[in-house]
Amino acid sequence: MPFTLSHAAAVLPLIRRTGAGRGPLVASALVAGSFAPDVTYYAGTVVPGGMAFGAFTHSLPGVLTVDVLLTAGLVGGWLLVREPLLALLPRAGRERLGAFLGGRPRTPAPVRERAASAGWFVASTVLGSVSHVVWDAFTHPGRWGTRLLPALNTVVGDRPLAMYLQYATSALALVGIGWFLWSALRIASAAGADGAGTAAPELPVRLRLLLTAPMVLAVLLGAAYRTLRAYAVHGAAVGWFDYLPDALFGAGAGLVPGLLVSAGAIRLLGRRARRGGAAADGGAPGRPAGAGAEAA
Numbered sequence: 001m002p003f004t005l006s007h008a009a010a011v012l013p014l015i016r017r018t019g020a021g022r023g024p025l026v027a028s029a030l031v032a033g034s035f036a037p038d039v040t041y042y043a044g045t046v047v048p049g050g051m052a053f054g055a056f057t058h059s060l061p062g063v064l065t066v067d068v069l070l071t072a073g074l075v076g077g078w079l080l081v082r083e084p085l086l087a088l089l090p091r092a093g094r095e096r097l098g099a100f101l102g103g104r105p106r107t108p109a110p111v112r113e114r115a116a117s118a119g120w121f122v123a124s125t126v127l128g129s130v131s132h133v134v135w136d137a138f139t140h141p142g143r144w145g146t147r148l149l150p151a152l153n154t155v156v157g158d159r160p161l162a163m164y165l166q167y168a169t170s171a172l173a174l175v176g177i178g179w180f181l182w183s184a185l186r187i188a189s190a191a192g193a194d195g196a197g198t199a200a201p202e203l204p205v206r207l208r209l210l211l212t213a214p215m216v217l218a219v220l221l222g223a224a225y226r227t228l229r230a231y232a233v234h235g236a237a238v239g240w241f242d243y244l245p246d247a248l249f250g251a252g253a254g255l256v257p258g259l260l261v262s263a264g265a266i267r268l269l270g271r272r273a274r275r276g277g278a279a280a281d282g283g284a285p286g287r288p289a290g291a292g293a294e295a296a
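The opening position of the sequence shown corresponds to residue 1 in my numbering, with each subsequent residue numbered one higher.
Think of the hints as simulated: they come from the structure by calculation, not from any bench. From a predicted model like this one, the values you see are computed outputs, not experimental measurements. Treat each hint with caution, since some may be false.
[Unchecked claim] If you anchor each label on the Cβ, the simulated ranges turn out as follows:
{"#": "1", "residue 1": "GLY23", "residue 2": "ALA237", "range": "31 to 41 Å"}
{"#": "2", "residue 1": "LEU268", "residue 2": "PRO141", "range": "42 to 52 Å"}
{"#": "3", "residue 1": "ARG91", "residue 2": "THR65", "range": "20 to 30 Å"}
{"#": "4", "residue 1": "TRP120", "residue 2": "THR65", "range": "14 to 24 Å"}
{"#": "5", "residue 1": "PRO108", "residue 2": "ALA232", "range": "52 to 62 Å"}
{"#": "6", "residue 1": "ARG208", "residue 2": "GLU113", "range": "32 to 42 Å"}
{"#": "7", "residue 1": "ALA171", "residue 2": "TRP78", "range": "48 to 58 Å"}
{"#": "8", "residue 1": "PRO108", "residue 2": "VAL205", "range": "12 to 22 Å"}
{"#": "9", "residue 1": "VAL122", "residue 2": "LEU244", "range": "29 to 39 Å"}
{"#": "10", "residue 1": "ALA115", "residue 2": "ASP242", "range": "23 to 33 Å"}
{"#": "11", "residue 1": "ARG17", "residue 2": "ALA92", "range": "37 to 47 Å"}
Glycine is no exception: its CB is placed at the ideal position from the N, C-alpha and C atoms.
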């Protein structure tokens, strides 16, 4: 899939428009699991052998082992950057999207229920990764799906039919994801989302743009580096279209440090704002610290 995010479309039928998984399924694990098999391709930007290891992450043993660990890492990273990313949006979008991305409310649970939740997390991960592997099997030459349907190997315009299917389904999937999010945000708006899950501070427009800059710059640098590295190997022997996967993998790899820098800065701003608010409340003339909180 030239655009890994398109794989999320395969698990959307298992996710409610409230942002929660259907039944006991875990939405974040479904989505991250659908991305996991491609993670090593992005890591290949800086980790030697990352591209080759993708053959394992796209296999059944990989789905049941490494992909589960990669999904856990993706979900953990998402939880770190989710609220800072929401802080970069205007208030209306932040509240609606925050209500959707919050999923199910978290409540204390006994050990047995937590163990069951962990099991469903793994099951959701495997479902997401399997959807990815099956999709790729019929859209990438040389995979078991194209061997099962040899017609997909038919060359049309110097490219196998499977590659056209790869790009077409990727584009259609993005449209489907956009429609799903649009309808989900309409539901969140009708329900009166209050943005309660957003812990980041209210940021002025100029500061939001400034904090977005590291992500944009990192994406551009990553895409340029990966593309130039591939060009040094292949040169003009392949067309510009063949460099698109390299550009996307490099962009995704660059996004990671950009996200961490921006998210870290936003969390630091939020912490300072909370400390400043607490100091102002506690130091107000004529009343003891904490009086404002009690009055509220």
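Hint check:
1. GLY23 with ALA237: 31 to 41 Å: With a Cβ separation near 50 Å, GLY23 and ALA237 fall outside 31 to 41 Å, so the hint is violated.
2. LEU268 with PRO141: 42 to 52 Å: 47 Å, holds
3. ARG91 with THR65: 20 to 30 Å: 43 Å, violated
4. TRP120 with THR65: 14 to 24 Å: 18 Å, holds
5. PRO108 with ALA232: 52 to 62 Å: Once the Cβ atoms are compared, 55 Å apart, the range 52 to 62 Å for ALA232 and PRO108 holds.
6. ARG208 with GLU113: 32 to 42 Å: 39 Å, holds
7. ALA171 with TRP78: 48 to 58 Å: Given about 25 Å between the Cβ atoms, the range is violated.
8. PRO108 with VAL205: 12 to 22 Å: 39 Å, violated
9. VAL122 with LEU244: 29 to 39 Å: Because 33 Å falls inside the window, the suggested range holds.
10. ALA115 with ASP242: 23 to 33 Å: 47 Å, violated
11. ARG17 with ALA92: 37 to 47 Å: Since ARG17 and ALA92 have Cβ atoms about 18 Å apart, the given range 37 to 47 Å is violated.
Hint violations for this structure: numbers 1, 3, 7, 8, 10, 11, all remaining hints satisfied.
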